[in-house]
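S.K.: Please construct the entire structure, taking both the sequences and the accompanying hints into account.
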Amino acid sequence: MLFSIGVRFNDRITGKISEFAKHATIIHIDIDPASISRNIVVDIPIIADARNAIGALLDKSISLDIEDWKEQINSWKQLHPLDRPQNSVSGVTPQAIIHEINALFDNLIITTDVGQNQLWTTQFLEITETKQMLTSGGLGTMGYGFPAAMGAKLGNPKMDVISICGDGGMQMNIQEMATAVVHELPIIICILNNGYLGNVRQWQEMFFDKRYSTTCMKRRESCPVICNTPSEDCPAYTPDFIRLAESYGAKGIRVQRVEDIKPALLEAKAAIKSPTVIEFIIEREENVWPIVPPGNSLAEMFMGGENRNAEQKVD
Amino acid sequence: MQNKRWISLFVENEVGVLARISGLFSGKSYNLNSLTAGTTEDTTISRMTISLTSDDQTFEQIKKQLNRSIEVIKVLDFSETDIHMKELMFVKICNCTGEDMMEINRIIDVFSLELIDSDTHTALVECVQTENKNNDLINLLIKNFGGRVEIIRGGSVAIEAIRLSES
Amino acid sequence: MKISGADLFVKALMEEKVDILFAYPGGQAIELFNALYGVESIKVILPRHEQGLVHAADGYARSTGRVGVCLVTSGPGATNLVTGIATANYDSVPLVCFTGQVPTHLIGNDAFQEVDTVGIVRSISKYAITVRNREDLGMIIKKAFYIAKSGKPGVVVVDLPKDIQQKLGSDLSATWVFMEVMRLIMQLTNVMCCFLLVYVLMTGLPER
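Protein chains in written order, with my numbering: chain D, 1 to 315; chain Z, 1 to 167; chain G, 1 to 208.
Honestly, the hints are just simulated from the structure, not real lab data.
Lysine to aspartate or glutamate pairs mimicking EDC-like chemistry, simulated, CA-CA at most 16 Å apart:
no., chain 1, residue 1, chain 2, residue 2
1, D, LYS22, D, ASP43
2, G, LYS143, Z, GLU14
3, G, LYS149, D, ASP32
M.R.: So, in structure tokens, the structure goes:
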């Protein structure tokens, strides 16, 4: 059984539609009739405000003993952990960063931008009653995360607010650093800097033979026309996010070692009147796993390390 | 399976509603055949008759999307309803010989049309009948008069029948 | 008492209990900003780009459950909102975006900083309207907030021509709607029954 509340069931969720939850009875609660059975046909549609529907269902529900089921799920999680082996030398990996955030923050609103930063956050972030994630899940707008974090802080001054973004997305609305500073918003901006438009780069690695076309954010006029081998010789990143943050009157911290992750977050958490930018230097070709290539069913997800068909089509 | 369907919409008589409805069809690539609109006995409400072609699932989605629009008051699906439906069409046939004119008059009689304007070589016929009958008429006219036929179709207007219906 | 459209705008926002307004000024919105000057109950946040302000309003709305409110000027101010409007509407976030517009008599004349805002945002918003008559302003603002947050929430865009902002008119906003409803009720029932109904409503309202 699949119990869904407000789910869009679009291509990013279902993968290949004909293979999606083939044997499941699907219950779908949504306030919008147009969202029901639009992409996949559901078995029990419930058109209602989710709050009312869940309340009414809870009134009629009976508690079951599900300890066996929970044990089964835990054993699956042990067998197939989400944490993937990382290639990182420094240990500054998206997993490590988000695990630390999970540990250090209780009352939290976290926004993501779009791309790998969004995918890592949704994979590793703990969502509880006191932790909320805001993300541009529908349109997938780069540049959303940082200004949304500002709005969230203005609306919830007592909550800690963290914005997780990539080096690309951060630059789309970087001018809002001034707004955050003048309005004294102590939000924590975590830039996962890999020097690439990472999600597209990963697709280029997986499906286009590493033809990194227009995805390198370090690329300069002096670089060779064709390059898919990031190295120590690459040009320095422009801008220097730390100096940029400081020029705005905010605090900037660069993290390049795993032991510096926690102190940086704690220092940012302690700020009262101004935002903190923490730039995490992560592996340039860090990948998101698992990943379902477009057109595949969910069961055909790539876990990393497979030999992939170079002719895999991307639509 | 793609079928032709008819719906009638009650919408607020506001600037931009027509653009919203037609934009919905074009934006989502729904196959709109014809759309007519006009006010009703209530000047704040307009009524639209829409003909479209789609399969069942898409048709359900179209009705839901229309219902979702703020300006749409009511959506009537005419698939299972008896309706009266008529389309206004003007046809002009040019370069007519005397024989052509006689043929045109015969057609007018058979189809119960009206010759509303003419000179010695041109006839303008007004046709108010169902879309299917207009289709038949066009085929006939083109067969008889080829490229000398000029047509303007107004799209159909439909309303629920009281007792009788025509197809 | 007659007040300008701009003053009615501020009054209506206060009645909707708007506490934060994300705004970027310009020529066709300057009257509204003039009316906002010194108003303490509404905190106005000035971003550095309209895209920043609409995403901020989105983050505010998602995290508080309240309606996010934006105010920008005409032309490029409005078009810079497009990405944010689409982002919010796609994820069913309640926003009301007020956009300045050239005066009604200049609409369609390729005036400076004029665009067909409603035409541009129509397909990416739940509802969009240009206010053409000063007397409709209060009702339209009330409707905008209601539409934004009811049912499947979404983005409502209200385009405000400059002459509407300047024109003097009724100072009734949300209360006007109540009066209209009362007038209709009085037509249906006699006056005695109406007073009884009001009494029941005033004393018998359940706690939320």
